[in-house]
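S.K.: In case you want the letters, here they are:
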Amino acid sequence: MGCRSSKPRRWAAQDVAAELKKLGGAAVVLATANNAAAMAAAVGGLGPAGELVVVGVTPENLPISPLDLINSGLSVAGHPSGTSRDVEETMAFALLSGVRALVEERPLSQAAEAYAAMDEGRARYRMVLTM
Amino acid sequence: MHKAVHVTAANAPLTVVDVDTASPPAAHVRIAVAVCGVCGTGREFYAGHFPGLRWPITLGHEIAGTVAQVGEGVEDFSVGDRVAVGWFGGNCNRCVRCRRGAFMQCARMQVPSWHYPGGYAESVTAPAHRVGADPGWAVVRRSRADGLRRTSLQN
Chain A
1 MGCRSSKPRR WAAQDVAAEL KKLGGAAVVL ATANNAAAMA AAVGGLGPAG ELVVVGVTPE
61 NLPISPLDLI NSGLSVAGHP SGTSRDVEET MAFALLSGVR ALVEERPLSQ AAEAYAAMDE
121 GRARYRMVLT M
Chain B
1 MHKAVHVTAA NAPLTVVDVD TASPPAAHVR IAVAVCGVCG TGREFYAGHF PGLRWPITLG
61 HEIAGTVAQV GEGVEDFSVG DRVAVGWFGG NCNRCVRCRR GAFMQCARMQ VPSWHYPGGY
121 AESVTAPAHR VGADPGWAVV RRSRADGLRR TSLQN
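Top to bottom, those sequences are chains A and B.
Using the working numbering, read the first sequence as starting at 1 and increasing by one per residue.
Using the working numbering, read the second sequence as starting at 1 and increasing by one per residue.
Honestly, the hints are just simulated from the structure, not real lab data.
Check before you lean on any hint, since a few could be wrong.
To list a few chain A residues with every Cβ distance to chain B over 12 Å, as calculated [claimed, not checked]:
(1) Ala17
(2) Gly44
(3) Pro59
(4) Pro66
(5) Gly82
(6) Asp86
(7) Met91
(8) Leu108
(9) Met127
(10) Leu129
(11) Thr130
Cβ pair distances, simulated, as ranges [claimed, not checked]:
(12) Val17(B) with Lys22(A): 17 to 27 Å
(13) Pro56(B) with Tyr125(A): 45 to 55 Å
(14) Val16(B) with Thr32(A): 44 to 54 Å
(15) Ala77(A) with Thr66(B): 15 to 25 Å
(16) Gly73(A) with Met1(B): 56 to 66 Å
(17) Ala94(A) with Ala10(B): 26 to 36 Å
(18) Phe50(B) with Ile64(A): 17 to 27 Å
(19) Gly73(B) with Leu67(A): 52 to 62 Å
(20) Leu96(A) with Ala12(B): 16 to 26 Å
(21) Ser65(A) with Thr66(B): 21 to 31 Å
(22) Phe50(B) with Val53(A): 42 to 52 Å
Note that the structure is predicted; figures quoted are calculated from it, not measured.
Virtual Cβ for every residue (Gly too), placed ideally from N, Cα, C.
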């Protein structure tokens, strides 16, 4: 794709919106966590015409008001993941860009423990079962 | 026979069981699973929140492995091919949404773990046209000094 971002950052328990605004405001926030409050907290960090793309699954209400959206012309879109071709292109992108997943592996026999680690927020950052 | 993780009812414990290994039907491939991601959406299945669940269920919709068996009529895959299947695990190609190209909105869309057993298992059988090919790449695991492991795709 030819674009290179600045060095990736990791944040924990900080004001996400403020940090994104310091960087100039995000064009897109890809919300992967299964937590509506966390998703909504990022909206304040979107730049003009920014978009919140919701990928994380939760039945909670998303606490965003019309006032949050109107002035900056923001949008919120749900994305139910992509096709098999999207999977192939994503893997190609990972290969070309050097993006890699940070995972913790567990054998299939430890599926219950791996599931619990995910459920309790202990995974760093994706549990992966191996066969 | 192969090992799979079953949940027998909503919120029941995850248990490893032996299940029959059936040959794939026409237009499907049977995949020897190498790895499967543990996604938070699994919570919604586990709690029985998705409609039409048929218990026991096998979770897992982030699947990578190799083709173990090819069903009748499948021309694009051979035994040994490295493949992946994600959330999008099947569509009909004939409803209005598919014919419009909105495959993710298929009226008969299938998801591994929801409409057929998923990837917390040594074997998964999926519709061939919704399996992604991974030609020439290998999943390589490398460890880092801080104990985190990365999955890595390499030629």
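S.K.: Compare the structure with each hint and give your call.
M.R.: Outcome of the hint check:
1. Ala17: The assertion about Ala17(A) holds, with a minimum of 23 Å to chain B.
2. Gly44: Since the minimum Cβ distance to chain B is about 24 Å, Gly44(A) lies beyond 12 Å and the statement holds.
3. Pro59: violated, 7 Å
4. Pro66: holds, 27 Å
5. Gly82: Answer for Gly82(A): violated, closest chain B Cβ roughly 6 Å.
6. Asp86: violated, 8 Å
7. Met91: At about 6 Å from chain B, Met91(A) fails to clear the 12 Å cut-off, so the statement is violated.
8. Leu108: violated, 6 Å
9. Met127: Violated: least Cβ distance 4 Å, not greater than 12 Å.
10. Leu129: violated, 5 Å
11. Thr130: violated, 5 Å
12. Val17(B) with Lys22(A): 17 to 27 Å: violated, 51 Å
13. Pro56(B) with Tyr125(A): 45 to 55 Å: Check failed, 29 Å falls outside 45 to 55 Å.
14. Val16(B) with Thr32(A): 44 to 54 Å: violated, 28 Å
15. Ala77(A) with Thr66(B): 15 to 25 Å: violated, 35 Å
16. Gly73(A) with Met1(B): 56 to 66 Å: holds, 57 Å
17. Ala94(A) with Ala10(B): 26 to 36 Å: Roughly 35 Å apart at Cβ, these two residues keep to the hinted range, so it holds.
18. Phe50(B) with Ile64(A): 17 to 27 Å: The hinted range 17 to 27 Å holds for Phe50(B) and Ile64(A), with Cβ atoms some 25 Å apart.
19. Gly73(B) with Leu67(A): 52 to 62 Å: Check passed, 56 Å falls within 52 to 62 Å.
20. Leu96(A) with Ala12(B): 16 to 26 Å: At 43 Å between Cβs, range violated.
21. Ser65(A) with Thr66(B): 21 to 31 Å: violated, 49 Å
22. Phe50(B) with Val53(A): 42 to 52 Å: violated, 22 Å
In summary, the numbered hints that this structure violates are 3, 5, 6, 7, 8, 9, 10, 11, 12, 13, 14, 15, 20, 21, 22.
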